[in-house]
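Chains as they are written, first to last, in the numbering used here: chain G, 1 to 419; chain X, 1 to 144.
Be careful, since some hints might not be right.
To be verified - If you anchor each label on the Cβ, the simulated ranges turn out as follows: (1) L330(G) with S88(X): 25 to 31 Å; (2) T127(X) with E258(G): 18 to 24 Å; (3) E258(G) with N143(X): 16 to 22 Å; (4) E402(G) with M56(X): 32 to 38 Å; (5) I317(G) with K114(X): 47 to 53 Å; (6) A29(X) with G289(G): 57 to 63 Å; (7) Q49(G) with T127(X): 56 to 62 Å; (8) R328(G) with V101(X): 19 to 25 Å; (9) E131(X) with S183(G): 23 to 29 Å; (10) V101(X) with R8(G): 51 to 57 Å; (11) N254(G) with N143(X): 14 to 20 Å; (12) G179(G) with N94(X): 52 to 58 Å.
Because the hints were derived from the structure by calculation, they are not lab data.
Heads up, the beta-carbon is just placed ideally off N, CA and C, and yes, glycines get one too.
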Amino acid sequence: MSVSDTHRTIDAIWRIESAKLIAVLTRIVRDIGLAEDLAHDALVIALEQWSQNGIPNNPGAWLMTTAKRRAIDLIRRNKLRDQKYSEVARNTDLYTEDDMDHNLDGEIGDDLLRLIFMTCHPVLPQEGRVALTLRLLCGLTTDEIARSFLAAEATIAQRIVRAKRTLRDRDIPFEVPAGEELSDRLSAVLEVIYLMFNEGYSATSGNQWIRPLICQEALRLGRVLAEIVPYEPEVHGLVALMEIQSSRFRTRVNSRGEPVLLMDQNRAEWDQLLIRRGLKALDRSQKLGRPFGPYSLQAAISACHAKAPTAPETDWIRIAALYEALSRVLPSPIVDLNRAVAVSMAFGPDFGLQIVDMLGNESSLKGYHLLPSVRGDLLVKLGRFDEARKEFEHAASMTRNERERELLLKRAAECNSAH
Amino acid sequence: MRFMFIVKATGYSEAGGNYNQKYTDAMIAYKKSLAGAGVLVSAEALHPSSTGIRIMYPSDSEKPEILVGPFLADQELIAEYTLIDVDSEADALNWALRMPVPTGCGEFKIEVRKLKKNLGFLRYSGTCALEADLKDQLSMLKNF
């Protein structure tokens, strides 16, 4: 194997192993910044030794042993100076590293979970959580994160430094929250994962390969989480949602890089394996026997589209019911507008319009251009072109997005010629 | 959110000199602590206004008038700026108050201003996904 081959292989190993290394090291040294440094030290040693002697049979265990030894050396050096560290050292298994595989599932899984709860801790601002999670749990470099978010590398680097410092200064414990705190903290973790996924999924510009990378990492992290907390329905719900959305990845954008709407996508090209995985995850969520939360509901809606052989065969009655349920657990104008359109598809535009008109009285929706825009579409369906034109013009006056405004004015003009 | 600390020029800075070694050292340490806390975006010092050029557009003319420095010190000239990215206004003020000040050099002025645009890199959220779903549904509504 050439040196560059070895380096590439080590990169791949690092991507897989780094989160586990950092998680276990954080348990030992109680500081994620220090844990990351120690894990990197182990990587540097690996690069030197493996280039000469070849890659060992179990590279993950090798890295873990090397990193743990360095952690324990560090603790010993600090022993005289710091009583707290020496206590940690005493409580750490020093030489059980060799039967790593033995406790891979249980103990390391627990450490990973603690690490996720730490990087998604509510003391950190949302962006700090995302950057730190991508860095420590997904093993992405600062440069990769920066390119994915079209941000300056220095900005991301500073976010990460700040997040680590906040965790240290606030003395955030390395633990899985218990009792009532667990569900709140878990939803913060799911939010970070979904944010990462959306960031990659919604983007149509930017680097062609790095965007899907973020989606993949979010999906992978979701799957890992589903294995370590299998009793939480929303974890499976989120995984299901991401699997099903990912199944349409190839068909979402055409060869010119322009977005393709669901209706025009070639369903034969949807990834059936991902759809099956998604449906299975949704099933796991359902089998836990609790009412569906927002992720499971959105996954169930997405599943309706995935299961329809052609667009006209979509089960709109089920989708309308799912949006109704979603509007209860996740009250939001955008959910209600989706519900109105689904109801129109299922029962006719009259019923959809009734929902939109009820929304129109809510002051929170004033200035939201999608409200008149959807109303316009429903009025066109009912042949009430004059009213529809007014709605499109109204919507056009509310949006700040130039392209959207043009589109809405075009719709308004079409209403004139429809007479 | 981003904030700019604008250090106003003084007679000393306009004369092109450094205040004193103690201040310079304190400023280096301050910037290090900003970077260490992960809040520093950029920090730059400007040459005195004697190297500056002003482009003036008189109110009744579209033709620019070029003025060369130095400019009058009472016009709130800028000597340097530091751009930071923090989570709250209180944090920004806290950092601004820790900025070193040269002693024995007369009045010294630091202005704290909030930048209009957030540095935030998370432009999309769950709402964005739901809006995309709405677009998909609307396209079907139009066609069936």
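request  = Run the structure past the numbered hints and jot down the numbers of the failing ones, going up.
outcome  = 7, 8 and 12
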